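Undergrad: Spelled out from the first residue to the last, the chains are:
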Amino acid sequence: MLSSIGSALPPLRHLARKLTTTAAAGKWRIVEETSGDTTTVRAVETPDPVAARQPEDQCALCTCSLPVKLAYTDVLILEQFMRPDGTVLPRQLTGICKSQQLRLERCVMQAHWAGLFPDRTIPEFDRAGYKRFARHWESDMSMYFLKQKKENGTWYYFKRYQHQDDGYKGIRAKQTA
Amino acid sequence: MCYMWQQIRQGVRWNPSERFALACRGLDLKKVKSVEIAFDPCHPDTSALRKFWEAISAPKVKLTNPAVRIKADIRNDRVPPHFVATLADGKKLRFETENMHPSDLIMRFNKLLDNPELGKSGTRPRPKL
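Which chain is which? The protein sequence lines are F and E, in order.
Our numbering puts the first residue of the first sequence at 11, with every later residue one more than the last.
Our numbering puts the first residue of the second sequence at 257, with every later residue one more than the last.
The hints are simulated quantities; they were obtained by calculation from the structure and are not laboratory data.
Since the structure is predicted, the reported quantities are computational estimates derived from the model, not experimental observations.
In this text, a Cβ means the ideal position worked out from N, Cα and C, and glycines have one as well.
Keep in mind that a hint or two might mislead.
Said to hold, decoys possible - Derived Cβ-Cβ restraints for the label pairs, each shown as a range:
hint, chain 1, residue 1, chain 2, residue 2, range
1, E, Lys376, F, Asp67, 37 to 43 Å
2, E, Glu292, F, Val85, 37 to 43 Å
3, E, Lys347, F, Trp38, 20 to 26 Å
4, F, Lys37, E, Asp329, 45 to 51 Å
5, F, Glu134, E, Thr379, 21 to 27 Å
6, E, Ser290, F, Asp58, 34 to 40 Å
7, F, Leu86, E, Lys287, 42 to 48 Å
8, F, Leu86, E, Ser290, 49 to 55 Å
9, F, Leu103, E, Ser290, 16 to 22 Å
10, F, Met151, E, Pro297, 16 to 22 Å
11, E, Lys376, F, Gln68, 38 to 44 Å
12, E, Lys347, F, Val85, 44 to 50 Å
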């Protein structure tokens, strides 16, 4: 029995503890194969073309040499962090820092309100009443500082112009006279 | 606030244990006749298979099909962890679970059984007192 075990053993390198290296670690993809009535599902290693992230790297939005901050008008940048249905990718996938991720979400929301993503909205997007108009935003935080504009004036109607029939009293005046 | 903001926040959520729990909620073994699990306990990567075994043995999953036979074969010949699920119509699904994430494994299992990959989130509806 021992000899049969020795001949069927896989190589021992598979049992060695995996050491962490700075080389690009492979990613595993699940692959299905059907033969007859048996479907085999296994994980196949695919090499990752992007190198592993070093701890001193800055996030993708921080290293941009643009002097201005991300705004809702930077649609081409925002699109790269979005899914086809209009939602934003998680931070663990894109590798952005937390503050940039929050700013990105705010800018994506503002761009949705401004109508800059006609192909990427959900059908339940609220476009009733005044919300059907595109909006303009000063900065990315302005969605938290919305103000109601006050119109000074009255709601009563004052007649401005005199009409020639304005002095006419009607049938009652004729009867009393 | 508004529905689009909710959708954005849901798309941003990345919680592997939450996704695993939702995948377990979507487990439905109606089409499965038996599951034969085989692994070597000293193999370095059996965590996905062990979690799958635990998920299958849960009471709620067993209630979906009480007639499923789960057979676990613990070997000592350094075989890579795998399981074979025999369906009611005679087909077989063989999963080589080495290097797989448990939630990916369960989602793929659900997909091959024509079930939705993730179950419904939230508490179950309860009668109002």
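Undergrad: Now look at each hint and say whether the structure bears it out.
TA: A quick look at each hint next to the structure:
Between Lys376(E) and Asp67(F) the Cβ separation comes to about 39 Å, which falls inside the hinted range of 37 to 43 Å. Here the CB-CB span from Glu292(E) to Val85(F) is close to 53 Å, at odds with the stated 37 to 43 Å. A beta carbon spacing of about 25 Å between Lys347(E) and Trp38(F) agrees with the range 20 to 26 Å that was offered as a hint. A beta carbon spacing of about 30 Å between Lys37(F) and Asp329(E) contradicts the range 45 to 51 Å that was offered as a hint.
Distance hint for Glu134(F) and Thr379(E): a CB-CB separation of about 23 Å, consistent with the stated range 21 to 27 Å. Restraint check, Ser290(E) to Asp58(F): a C-beta distance of roughly 38 Å satisfies the suggested window 34 to 40 Å. At about 47 Å, the beta-carbon gap between Leu86(F) and Lys287(E) stays in the expected band of 42 to 48 Å. The hinted range of 49 to 55 Å is satisfied by Leu86(F) and Ser290(E), whose Cβ atoms lie roughly 54 Å apart.
Here the CB-CB span from Leu103(F) to Ser290(E) is close to 38 Å, at odds with the stated 16 to 22 Å. Hint check: Met151(F) to Pro297(E), Cβ distance near 55 Å, so the stated range 16 to 22 Å is violated. Taken as a hint, the range 38 to 44 Å holds for the pair Lys376(E) and Gln68(F), whose Cβ atoms sit roughly 40 Å apart. Remark: the range hint 44 to 50 Å for Lys347(E) to Val85(F) is upheld by a beta-carbon distance near 48 Å.
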